[in-house]
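Novice: Protein sequences appear in the order of chains A and B. Per my numbering, the first sequence starts with residue 1, numbered consecutively. Per my numbering, the second sequence starts with residue 1001, numbered consecutively.
Note that these hints are calculated values from the structure, not bench results. All residues carry an ideal CB built from backbone N, CA and C; glycine is no exception. It is possible that part of the hints are untrue.
Said to hold, decoys possible - In silico DSBU-like links for lysine-lysine, alpha-carbon gap of 30 Å or less:
(1) Lys1238/B to Lys1275/B
(2) Lys234/A to Lys1153/B
(3) Lys1157/B to Lys1244/B
(4) Lys28/A to Lys1117/B
(5) Lys1022/B to Lys1244/B
(6) Lys1157/B to Lys28/A
(7) Lys28/A to Lys1269/B
(8) Lys186/A to Lys1244/B
Unchecked claim - Okay, the calculated bits of chain B under chain A, using three or more residues with CB under 8 Å as the criterion:
(9) 1086-1092
(10) 1148-1156
As the list claims (entries may be wrong) - Residues from chain B that keep clear of chain A, each with C-beta distances beyond 10 Å, as calculated:
(11) Leu1142
(12) Thr1188
(13) Ser1202
(14) Thr1290
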Amino acid sequence: MTLIQPNFTNLTQGPRDGFGAGIMVAAKQNPRVVALCSDLDESVRLATFAHNFPNQFVEVGVAEQNLVGVAAGLALGGLKPFAASYAAFNPGRNWDQLRVSVCYSNLPVTIVGGHAGLTVGGDGASHQILEDIALTRVLPNLTVIVPCDAAQAYAATLALVDHSGPAYLRLSRVDTPDLTDGLNFKIGQAQILRPGTDLTIFATGVMVAKALQAAQTLQIHNLQAQVINLHTIKPIDVTAIVRAANQSGVIVTAEEHQIYGGLGSAVAEVVTQNLGHQITQPTVIEMVAVNDCFGESGPADAVMEKYHLTTEAIVAAAEKALRRRAQL
Amino acid sequence: MENLAAPQFSPDLVRLKYLATKIRMAIIKMVHQAQSGHLAGALGLADLYTALYFGALKHHPFDPNWSQRDYVLVSNGHTCPVWYATLAEAGYFPKVWLSRFRQLDSPLQGHPHFFPKIQDETEINQPVPGVENTSGPLGQGLSQAAGLALSLKRAQKPNVVFCFLSDGEHQEGQTWEAYMLAGQYHLTNLVPIIDHNNIQISGRIDQIMSVNPLPTKLRAFGWDVWQINGHDQLEFQKAIRLIKAGVRRPTAILAETISGRGVSFMENKFEWHGKIPSQAEAANAITELTTQLDNLNYDPHST
């Protein structure tokens, strides 16, 4: 277990900073690493990279379809491209290019979607993409990773350099508590961040910190919640989900995404398909996610609160799940 | 010095015409046998593909991944019968593969797919020798080609990247994004070959959504344009030779073609974009092409 004692208040960095640092190391170690950007190099933390590695950087301009197509072409030329923009456009705008030019050919292209989710805040609903996990996890060959902090984004970036197929790396704009030290990151392997036997909270991205805080609250009520960081949405860690279901039969999922098609759906798919087989007890799932609506402008924290992506919402979902489980 | 102004009906030209006619016959057979596929564009491109693969391209059909090769990428993937038939004629894979175009478990998909390596042991997932990219949804190929050309340029490699495009797919915004990037990065090692036949699925391009005038638009995007008759194979080869010898700006070849070329009742008819010939139509087409072949008086074993 790689749990460090998190400081939930003084935040200095987030997943995008981890990506920005990781890609620098990757480019230095491996001349085949190239980064592409659609006129957002500062926002996705590629500005220093662009300055230091001009021959490994490609500015594509505000043209996200071309961004992914050119990345595919660079991969055809033997390079290892990381194509970055806002998630609202990448994969939001260029899903067809991702599907055909990259995933169908199984090319080693990573698309990096920054500013994902409600926490983009002031830019409003057009930019607060909440559908990208659903869009990407249905694509064959594509690995989908949502790091929870800077260290994990750093580790994921380096892991993806050695990954042979396409990947989507989803990053938030906001700073996050340092929850992991980045060590022991393995694509597809969920991380237990806190042990507990009464229920399991599966969380991803910025919701992982809130899940840990919710577990602290639940402990006050004498409920021991296990917190698992599902940083890889695809391929999903079936073993971790099956084990959690067999342990308590009570699962809560938490994600900064629409309730349909994201982490919660992925976990539910595993549970329903393994009930009566690998899973030997009735299992209930409560999902904390955006309830089929668009977001709005506002400070990130305020927007998250209004749309119920909070520690309190996770606690309430846990209590409800436990009540439901007791009814079975 | 080469003689750029080669005389008409030189032995070379007769051979190219012979090969193009054979490829047209293979196209008719493939689409008729599969009972699906796109004829008009493929027939219209047969002269260009033949001229490219038999004389202009630096390649080794028996070593498709030769590191010094010129790359050919296709953006208008629906025309792939001409690509497959040409690759088979050049020796990239056995001609018997063509009979399984669009059939279950065949590597010759309805729109071409590319894999960098063998995916698994199933036949469908074997790479198709000579196919360098995945295409189908229009507008994606030039971006791929530009990325490839950029990687070669930065590695200071001399390989040239050719990319076939249709004129209709210039209605796709992504195509222009790719031109913009290639112009900005001065990718003189990228050579788009535009199949300008003026038809698309539902009618004449100028009636559906005009993309013209292409030369003016391309020049505004930082390109030079070489306009050729897309059925004059020697003129096409000459254009390629001169572009490969070095150009000041990225240069595209705009080839004026006749869709359905070679089969009189299909020529210039947008209806034949995706129409499947009946048994009689296919037989008539083959008869017409056989006559053309005979009139060439070419003996493939003579040279």
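Novice: Which of the numbered hints are not met once you compare them with the structure shown?
Specialist: Those not satisfied are hints 1, 2, 7, 8, 9 and 11.
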